[in-house]
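Given only the sequences and the hints, what does the whole structure look like? Please build it.
Here is what each chain is made of, one letter per residue.
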Amino acid sequence: MSILAVSNLTKKFGGLTAVNGVDITVQKESITAVIGPNGAGKTTFFNLVTGVYQPDNGNVQLGSTSLVGLKPHEISRHGIARTFQNIRLFSNITVLENVMVGLHNHLKGGIFGTLLQTPSVRREEKRAKEEAYEWLEYVGLGSLLNEEAKNLPYGAQRRLEIARALATKPKLLLLDEPAAGMNPRETRELTEFIHRMREELNLTIVLIEHDMKLVMEISEQIFVLDHGVKIAEGKPEEIRNNVNVIEAYLGKSAVTGA
Amino acid sequence: MISEILQTLPQVLVDGLTLGAIYAVIALGYTMVYGILELINFAHGEIFMTGAFVGVAVLFFMSGAGWLAVMPAILALLIVLVVTSLVTGVLGMGIERVAYRPLRKAPKLITLISAIGVSFLLQDIVRFITEWKRGNYIVTGPQLFDSKIGLDFSSIWSHFNDAILKTSSVILLVSAILMMIGLDFFVNKSKWGMAMRSVAQDRDTAALMGINVNKVISLTFFIGSALGGATGVLFAMQYGTINPYIGFILGLKAFTAAVLGGIGNIRGAMFGGLLLGVLEMFASANLQKLTGGVFTAEYKDVFAFGILIIVLIFKPEGLFGKAVTEKV
Amino acid sequence: MEKLKSFLSGNKIAQGVLIGVYVLITSLALYLSQKSVVAFLLLLFSLLLLYYTQLSNRLKWLLAGVVLVGVLPWAASSGPSYQSYMEVATLVGIYVAMALGLNIVVGLAGLLDLGFVAFFAIGAYTYGIFATGQASNFMPFGEYPLSGESFWLFILVGCFAAALCGVLLGIPVLRVKGDYLAIVTLGFGEIIRIVYNNLDKPINFTNGAMGISSVTPPELFGMQFTYPSQFYYIVLGILVVVMFAVRNFEYSRIGRSWKAVRENEIAAQSMGIHLVKTKLLAFAIGASFSGMMGVVFAAKQAFVDPTSFTLLESITILVMVILGGMGSVPGVILGAAVVTILNLQVLTEVTNWLNQMSMEGAISFPEALSPSKMQRFIFGAILILFAIYRPQGLIPAKNPVFNEEELKAHAAKQTGKKSSVPEDRAMQA
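Protein chains in written order, with UniProt numbering: chain S, 1 to 258; chain W, 1 to 328; chain Z, 1 to 429.
Keep in mind that the hints were calculated from the coordinates and are not lab data. Glycine residues also receive a C-beta, built at the ideal position from the N, C-alpha and C atoms. Please note: incorrect hints may appear among the correct ones.
What the simulated footprint calls covered on chain Z by chain W, stretch by stretch (three residues with Cβ under 8 Å from a Cβ of chain W suffice, anywhere in the stretch; the number is not a length) [said to hold, decoys possible]: (1) 109 to 123; (2) 192 to 203; (3) 312 to 324; (4) 358 to 371.
A few chain S positions that, by computed beta-carbon distances, are all more than 10 Å from chain Z [unchecked claim]: (5) Thr10; (6) Thr17; (7) Gln54; (8) Ile93; (9) Thr94; (10) Pro119; (11) Leu250.
Selected chain Z positions facing chain W (Cβ under 10 Å, derived; list incomplete) [stated by the list, open to error]: (12) Tyr22; (13) Val176; (14) Ile183; (15) Met374; (16) Ala387; (17) Lys408.
Printed below as a string of structure tokens:
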């Protein structure tokens with residue numbers, strides 16, 4: 001069963017067509033990778049799905065609802081969460097508060113409740129702290145709860161982004177280059193962790209990644225973009241041997257010369 | 001009512017273009033700095049004001065030394081303009097060096113706050129120096145040109161009234177146009193102009209291409225501030241009396257002009273300035289008539305800010321700018 | 001000295017005693033020597049000392065309350081300068097509330113508002129118009145001026161009117177991106193002032209540049225409030241409400257959404273935060289504090305005119321926030337107190353002293369340089385220096401510290417119950 005269906009998606013920036021007529025279908029509770037050389041339009045694809053950009057053409061369908069025209073915060077409410085290629089944490093607040101921001105839409109505290117600190121608002125705030133902490137422990141950052149996010153090491157920042165995204169309780173999680181800058185051991189841990197998230201949280205995961213070992217090991221379905229166009233899709237072994245893909249990554253000579 | 005508006009239209013156009021030329025040249029300073037640093041240089045209005053005071057001070061000095069009586073007015077003006085541009089140009093460069101450069105990596109909010117600080121500081125420094133030396137901070141400088149030219153608009157179309165053009169307006173318009181053409185030429189044709197454009201495009205890449213980015217930024221501030229200071233002199237010639245607080249509202253309006261023309265766009269700023277000047281003069285002449293006395297000419301500033309807000313909401317890229325999408 | 005320091009740093013009782021002695025000495029000094037501005041300032045300084053003690057928060061609030069409600073008015077009351085001291089204290093309170101309001105907008109939500117005084121003006125004119133005959137020019141019903149008892153209701157009216165204007169101004173303004181916001185709010189601040197200056201025609205709402213005079217003083221159970229020493233308590237009362245509100249908002253879902261928007265708009269949106277709504281709320285709440293104090297200001301001065309609401313006022317409030325520390329409540333309170341006292345007391349005192357010196361011929365001092373005229377210079381310098389050298393302000397904002405043990409224990413209990421996320425399987429830190 002598909003959860004995300006993207007059809008004929010197109011986005012132009014001035015003269016450049018960043019994403020051009022892309023069709024992608026993501027199966028529920030699958031792990032799907034979007035790969036392609038730099039500038040292929042992968043991040044733009046994520047930005048179109050999450051409402052940061054509006055598509056010029058085409059449709060994005062989550063389950064039975066169309067996401068076109070919705071604002072990013074509305075799309076978040078529909079159950080899509082994401083991380084960012086260039087980490088975007090709330091740098092000057094604590095690690096725990098970062099995750100608590102992720103809980104925003106699951107809390108109700110309004111103006112007057114907050115002003116008067118009604119018992120229900122207090123209870124809710126306490127629960128929010130506890131839940132946020134559980135998410136921190138889930139990604140292994142429990143002991144850093146009181147640090148300012150900007151002081152975390154790089155790998156921990158990436159994990160904090162994931163914890164924050166998970167706190168929104170998404171159905172679909174988009175990870176933009178989660179392994180960037182990680183060493184092989186960290187990447188291995190990440191691989192296991194992605195598997196675990198899918199199983200324990202019944203998540204559908206779509207990731208953009210350049211680490212081919214990770215991609216091949218983890219994905220059930222791979223989509224390849226090049227110059228904004230989808231040039232291939234299939235299972236890892238199919239992609240590995242796809243002539244178009246090798247050509248896109250290594251150039252024509254790599255195909256003919258080999 | 002229409003005929004009344006038509007009658008005054010020639011005068012409105014003449015006055016509007018004069019005022020607009022001032023806005024246009026100041027707008028250049030905002031637009032250049034914004035184009036290169038993405039910073040609203042709040043202090044630019046104050047540089048214009050400082051220019052007006054420096055210009056008047058130089059005139060006083062020259063008249064005290066008896067030079068004004070013996071040299072042609074146009075030469076005197078030229079000397080004043082050159083001296084003032086040099087002073088305000090260096091001042092602008094200094095401001096960038098002291099108050100903005102240390103903050104280039106800081107959040108935008110902090111840089112803006114520093115800019116506001118500079119603006120207040122300049123106002124008060126000019127205020128107390130002037131008050132100290134002359135006993136009052138409101139100053140009327142010696143007039144170099146006080147003749148007037150009648151323009152026979154009524155012979156063109158009988159519905160028009162004649163308009164009066166002050167010689168100083170002609171000088172102002174001519175100087176402003178020369179400055180604008182000169183700048184346009186410099187930015188588009190010279191080697192330094194190309195360096196400026198490349199730094200505006202992408203500072204890091206420009207640095208990799210061997211361009212001294214700091215030098216280019218200093219140069220930008222120098223040119224913008226020199227033009228702003230020179231405009232101050234022209235303003236003082238045109239309107240006679242100046243005080244240390246003229247820079248604020250005028251700067252705000254010039255910024256409006258820059259936004260109107262698409263911030264970062266030099267030709268846009270020129271056009272935006274002229275357009276705003278004419279619109280404002282039209283509003284101040286006709287607002288009362290058009291609204292049946294509800295809004296008086298006092299609301300002309302409201303009118304100008306209204307334009308700013310409407311443009312920013314509906315067409316933030318301005319009339320000639322390109323829409324930019326934030327990179328995510 | 002070192003010994004004393006280490007003794008004090010661990011010993012709460014010693015700190016408490018020391019504060020007590022300090023307050024006693026300074027208040028007695030003020031009581032006995034009425035003209036001593038220094039004693040007055042030192043007494044106020046005790047609140048800052050109190051902030052830095054390690055006493056429990058509850059005790060600190062209690063002691064601050066005792067000083068502000070009892071000791072300060074008592075110590076100041078013994079001589080002819082009583083009302084002028086209370087005037088200063090009242091104005092400090094008014095500015096503290098406004099600075100706390102602006103702090104929500106600038107410090108928490110990261111929106112640079114340069115026309116903040118507009119909301120103060122709205123509060124002031126709301127009361128000014130209805131508490132004089134002015135309202136009968138356009139109101140089809142009712143008798144004006146309203147009685148002094150309506151003042152208490154008008155504090156709320158001013159609060160909501162300002163909040164409403166915050167929203168109405170915000171709807172267009174907040175669509176404008178980043179640094180344009182500063183210039184648009186600057187424009188709006190000017191527009192409001194120009195409008196009040198000219199709204200005497202065609203219908204006379206505001207009496208234009210002449211201003212509105214003889215504003216009815218507040219009245220409660222037949223007692224009229226006309227002296228600063230009386231307004232002092234009104235301001236103190238409102239201030240308690242404002243501080244309570246600020247504390248409750250800052251560490252709540254709403255406060256976190258402000259900070260998230262300040263830190264990164266795109267990430268905030270992707271967490272489900274509605275940008276415009278969040279910013280509007282910051283605008284409205286910040287404005288409401290100013291609105292309330294505007295009402296008090298109008299009643300206290302018994303006079304409202306547009307000159308009280310210039311750009312310089314907006315920048316003054318901004319200076320308070322920057323000086324104290326953006327986002328830091330104790331910092332902003334300190335900033336507001338320092339700037340107000342500098343404005344009202346220090347600059348005037350120094351000016352008087354210099355004038356006297358130059359009259360006696362000791363120094364020759366040009367009138368142009370008199371410190372009381374140098375506000376712009378001083379504020380400008382503060383803004384530049386703090387932006388460059390100490391952008392976090394005098395008392396930097398602090399993040400809350402969460403109790404790790406408690407959360408850990410709770411999480412362990414949860415895990416035991418659900419056994420969904422075994423700890424050993426969590427990603428290694």
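I'd like to know which numbered hints this structure contradicts. Please list them from smallest to largest. 8, 9, 12, 17
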